[in-house]
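Participant: Going down the list, the protein sequences come from chains Y and Z.
To convert, note that position 168 of the first sequence is 159 in my numbering; the numbers rise steadily by one, no gaps.
To convert, note that position 4 of the second sequence is 1305 in my numbering; the numbers rise steadily by one, no gaps.
Keep in mind that the hints were calculated from the coordinates and are not lab data.
Keep in mind it's a predicted model, so treat the numbers as computed, not measured.
Note that the Cβ used here is the ideal one computed from N, Cα and C, for glycine as well.
Nothing false has been slipped in among the hints.
Residues of chain Z placed beyond 10 angstroms of chain Y at every Cβ, according to the derived structure:
#1 L1376
#2 N1459
#3 G1461
#4 T1482
#5 S1557
Derived, one-sided and incomplete: chain Z residues facing chain Y with beta-carbon distance under 10 angstroms:
#6 A1312
#7 L1424
#8 Q1553
Chain Z is nowhere near these chain Y residues, computed Cβ spacing over 10 angstroms in every case:
#9 F41
#10 S42
#11 A50
#12 N52
#13 I55
#14 R56
#15 H125
#16 L128
#17 L145
#18 R152
#19 D153
#20 R171
#21 R175
#22 L178
#23 E229
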Amino acid sequence: MNGAKTFDWRHTPGLSVYTALIFVFFYAPLLILVIYAFNSSRLVTVWAGFSFKWFVAVANNGAIRDAATNSIIIAIVATIASTAIATAGAIALERGRLRFGRGAATALIAMPLVVPEIVVAITTLIFFSGLGMHHGLINLMIAHTVFCIPFALLPIQARLRDMGGTLEEAGRDLYADEWRLFRRVTLPLLLPAISAGAIMAFVVSLDDFLISMMVSSAGSTTLPVYIYGMMRLGVTPEVNAISTILLAVSIVFVAAALLVGRRNRFA
Amino acid sequence: MGPNRTWLLIAPAMLVIGVFMVLPLFLAVGYSFMTANPYGGVTAPATFDAYLQFLYQRDFDDSLVFSPSYALIILRSVYLAIATTIICLVLGLPVAWYIVCQTPERRRILLFAVTLPFWINTLIRTYCWILILRDEGLANGALRHAGIISDPLPLLYNDGSILLGLVYTFLPFMVLPIYSTLERIDPRLIEAAHDLYAGRAAVFRRIVWPLARPGALAGATLVFAPALGSFLAPDLLGGGKKLLIGSLIQMQFTSSRNWPFGAALSTVVTVVVLTVFVIRSRRVEEERR
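This is chain Z alone, in the form it adopts within the complex:
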C-alpha cells in the first residue's frame, strides 16, 4: 500500500481526533486567557486573571491578595496521585510476578481477572466502596456486630477513602504493564543466579526488578496521569468537601461558572500529564538503545 492510500485510510481517525479532541484542547488554552462570563462562557477582555487565581484572590478594592487555597488543592491532588502510584506499585508488582510464574493456561485466566475491572464502570466500582465504608455500611456493621466499636467510625469522606478508591480504580493499570515486561524473562537467568548462590532477595534485586523497571515506569505513568485528574473517587468517596483538581475543574463549569479558571486548571493538568508521558517515552527509547 503506497503512502497516498495509507494517508487516505488513516485520515478519518486523525481528522476526528484532531478536530474534536486536539482542537478543543487549544481552544481551552485560549479560553483560559479570557474573562469569565457570570452566565457561563467567556467574554473580553483577555487577561492573565485565571492564572493569577492559582495564588491570589481579587479583593473588594480590586487588589490582589495572596490566597493559597487553590494551590493547596493542586498540591493535595499531586500528593494523592503520587501516593496512589506508589501504593499501586507495591501492591501490583508481586501480583504481576505471581502471574508470570503460572502455567500459560492459568496466566490467561488471571490476566482476564486483572483486566476485567478496567472494563467495569468506574462509577459503579467507586460506589461499591460507599456501601462498605459509610456509617451504616458493611465495615462499621461488622465491627459493631463484633462488639469492637459502639459508634460508627468515620471511614468515608477523608483522604484515606479517596486514596482507597484511587488505588482500587487504577491498580490493574500497574499490574498489566509490569506483567508484560516480566513475561519475557529468561528462566535460565534465574537458574544461573541460583547456581551462583543468589537467594530470593538477590534474585529479585539483581534480575527481577531490573527487568520489571520499564513496566513499572509505564504503569506509574498510566496510574499517575488519570489519578491526578480523577473526579469520581474524590467526589463520591471524599464527599465533594475535600476538593481535588478534577472536581475543582468540573465545578468551574457548573456551580462556580468560572470557565477561564477551569480552562486554566485543565491546561495545567494537560501540560503536566503530557510532559510525564513524553519523559517516559524518551526514557523507554533510551533504554532500548
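This is chain Y alone, in the form it adopts within the complex:
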C-alpha cells in the first residue's frame, strides 16, 4: 500500500453504517417474530416471560400436524422428481451438443422463475379443473415439481460449468462408455451440487403458499396455506410459534445446502 495515498476507494464514509441498517431491516422483523413466539402471554405484544408453551400447543394441534404431513409428503415427492429431471436437464444443457434450440430450451426451463406466481397458481387451477383432475395431493405434487425444477437445476448447472469437461475427457480417453463415465466420473463429482439442488427444491416446495392455496382442496391443505388461514383470523401466539418453526427449518436447510455445495469444490 502506498502510504502517501489517502484516497481509499474501498472505503466510503458512512457506508458500513448504512449497510448495517439495511441488514437490521432484513433481520430485525424476523427476530421480533422469534422473540414473540417465546412470549408466555396470550397478548402477543406484552412480554410476560419466556415459555415454550406455544410450541407445545402447535405440536398438539391436529390440524397443523395434518397440514405439515401433507407439506412434507408433497415436498419429498416434488424434490425427488424435480431433482432427477433437473440433473438430466443440466447435463444436457452443459455437456450436450445442440445445433439449434438451446436458447428455447433454456427459456422454457426458466419459465417458472419468470411468470408471476399468481398467474402460475390460477392457470394451474384452470388446467386441472379443465381436465377434471381433482386429486388433491397428486395435483399439488405435479404443480410443485414444475416450479422446483429451475431451483434444482441452477446449482447443478453451475457446478458442471465450474468443473469443466477435462475429467470426463480423461475417462473417455480410457475407453469408458457413456454410462460408466456418468456413474464413475460425472455423478460423484456432481453429487454435492445435486444434494444442494435437492435441498433448495425441498425448501421452495415446503414454503410455497400461493400456488398451493389455489390448487389445494379440502383435505390437501399444506402448512403455509393453513398458517395463512390462521393469520387471517388475527395475530396469535400459535401463529408466531409455527412461523418460527418454519423459519428455522428454512434457515437450517439453506445453510446445509451451502455447506454441502461447497464441499468437494476443488475435487
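Assemble the complex: chain Y is given as a structure, and chain Z must be docked to it using the hints.
Facilitator: Leaving out everything else, chain Z in the frame of chain Y:
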C-alpha cells in the same frame, strides 16, 4: 454427447414445464374469451366481455357503462410496482457496492446474508410486519411508551405498508444482480480515475454506475415482475381492502367466481411481464455486442 441423447436428457424438463405450465397459460387465454359460470369455471358462448370489464360494467339493461374501478386497480398496481423498483434500486445499490469493497471472506458471508431472506417463506416475512405495524404492535407500543402519541397511528392497511412489504420482500433481488456486475470491476480503473483527480462523485458517475447499469436493469426486472403480481403484501399488509392485480385475480377464482375475468387479468399480467423480460434480454445482448 450427440444431439439425440442431449434431447433425450432435456426432454423430461421441457415436457413437464411445457405441459403443466406453458399449456395452462394458453388454456387461460382461451378461458378469458368465455362466459363466466356462476358456479365456477366457464361456459359458452365465447365473448370479449372479460376484456370489456377492464373499462366497462354491464348495467341492468345490458348496456355498457364506463366504470374505471378495475382500470384504477391495475394502474395502482403498476404504480406500486414501479415505486418498489425505484426504492429497491436506491436502497440496494449502496449495499451491493459495500459488499464488492470487502475481502473475499466477508463478501461470502454478506452475500449469504442477502440471499437468505429469499429462501425464507414470504408469508412469514410479510406477517412479521403485521406484528410491528398493527395498532397494538411494536412500533405503536414504542411510540406510546415514549409519550410521543396517545392514540395508535394507522401504520397498517395503507399504500405505505404495502410498499414497505414489497420492498422488504424484493430488495435481495436488486442487490444480487448489481453485486454480480460490480464484482467484475477493475480496481485500476478507479485508481486511474483518482490519479486524474476524479472525486468520489465523479468515480461513481463515470465508472461505478455505468458498470452497475446492466445489473440494475436485471434487478429492476426481477423486482418489477413479481411485485406487479404480488399477492401477500397487499393482502396481509393492505388488509385486502386496497386491491391490487394479484388479489383481484385471486378473488375471481374464489369469492367472485368470474373465471374469464381472472384469466383475462392474468393474461395481461403475463404479457406485460414477458415483454419486460424480452426487452431486457434484447438490451443485454445489444450491450454485449
